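Peer 1: Just so you know, the protein sequences line up as chains S and C, in that order.
Quick note on this note's numbering: the first sequence kicks off at 67 and runs consecutively.
Quick note on this note's numbering: the second sequence kicks off at 21 and runs consecutively.
By construction, these hints were calculated from the structure, which means they are not laboratory data.
Computed from a predicted model, the values in this text were never measured in an experiment.
Beta carbons: idealized from backbone N, C-alpha and C, even for Gly.
Please note that the accuracy of each hint is not assured.
Lysine-lysine pairs mimicking DSBU-like chemistry, simulated, CA-CA at most 35 Å apart [stated by the list, open to error]: (1) C:Lys129 with S:Lys102; (2) S:Lys137 with S:Lys85; (3) S:Lys85 with C:Lys62; (4) C:Lys129 with S:Lys118; (5) C:Lys129 with S:Lys137; (6) C:Lys129 with S:Lys133; (7) S:Lys85 with C:Lys129; (8) S:Lys137 with C:Lys62; (9) S:Lys118 with C:Lys21; (10) S:Lys75 with S:Lys110; (11) S:Lys102 with C:Lys88; (12) S:Lys85 with C:Lys88; (13) S:Lys102 with C:Lys62.
Here are some of the chain C residues that sit facing chain S, going by a computed Cβ distance under 10 Å [to be verified]: (14) Phe56; (15) Leu69; (16) Tyr96; (17) Gly123.
Coverage of chain S stretches by chain C, computed from C-beta distances (three or more under 8 Å per stretch; other residues unrestricted) [said to hold, decoys possible]: (18) 111-125; (19) 164-170.
If you want the building blocks of each chain, they are given just below.
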Amino acid sequence: DTAVSQTPKYLVTQMGNDKSIKCEQNLGHDTMYWYKQDSKKFLKIMFSYNNKELIINETVPNRFSPKSPDKAHLNLHINSLELGDSAVYFCASSQVGSQYFGPGTRLTVL
Amino acid sequence: KQEVTQIPAALSVPEGENLVLNCSFTDSAIYNLQWFRQDPGKGLTSLLLIQSSQREQTSGRLNASLDKSSGRSTLYIAASQPGDSATYLCAVGANNDMRFGAGTRLTVKP
């Protein structure tokens, strides 16, 4: 069984569009995260949720809005997409210690 | 704010060689440190997790050490194989936050 899953795996869209990436974990973890990996492979945390509550909100444009309907899901909605949003977005979850990552969503904004 | 640095950025070695990857961090108040492997176009795979109270962890040919006071960790890979070729990321954990280094891209030549 997949521990952390993300959909879609690839997302190609035009500038100005609104899109969502979904993340689900079946590990029973309390904490979930969204990371952005840029073209230089540098991974930066964007958001962290613990039991559906926002814990960390890094300096991310407010066009990015995470939503956690329940402990097992943390979705990322992006409004008015820009070229600079092109990256790979990783979802992860953790309880205590190790983080488990999803396969990533490669977003390309044209 | 925690800063994580990995040296070298890239490393190429012949098969069979032992090697060391380095990770340094600026804030010693950490909960744990984790080493990940990332294959091209794929997600992250956790290799080793060291809790702040531990000095090292071993898994097969991998050994990771942690020196909190000096803000350093090393990942030792013994008898490297071509299949070890990947990018290795160091991540420092504190509460619900995790900071990543930029990674070391390892190539093991047959």
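Peer 1: State for each hint whether it applies.
Peer 2: Now for the hints, and whether the structure bears them out:
no.	hint	in the structure
1	C:Lys129 with S:Lys102	30 Å, holds
2	S:Lys137 with S:Lys85	22 Å, holds
3	S:Lys85 with C:Lys62	22 Å, holds
4	C:Lys129 with S:Lys118	46 Å, violated
5	C:Lys129 with S:Lys137	44 Å, violated
6	C:Lys129 with S:Lys133	44 Å, violated
7	S:Lys85 with C:Lys129	41 Å, violated
8	S:Lys137 with C:Lys62	25 Å, holds
9	S:Lys118 with C:Lys21	25 Å, holds
10	S:Lys75 with S:Lys110	19 Å, holds
11	S:Lys102 with C:Lys88	27 Å, holds
12	S:Lys85 with C:Lys88	41 Å, violated
13	S:Lys102 with C:Lys62	14 Å, holds
14	Phe56	8 Å, holds
15	Leu69	5 Å, holds
16	Tyr96	20 Å, violated
17	Gly123	5 Å, holds
18	111-125	holds (count 5)
19	164-170	holds (count 7)
Checked against the numbered hints above, the structure violates hints 4, 5, 6, 7, 12, 16; every other hint is satisfied.
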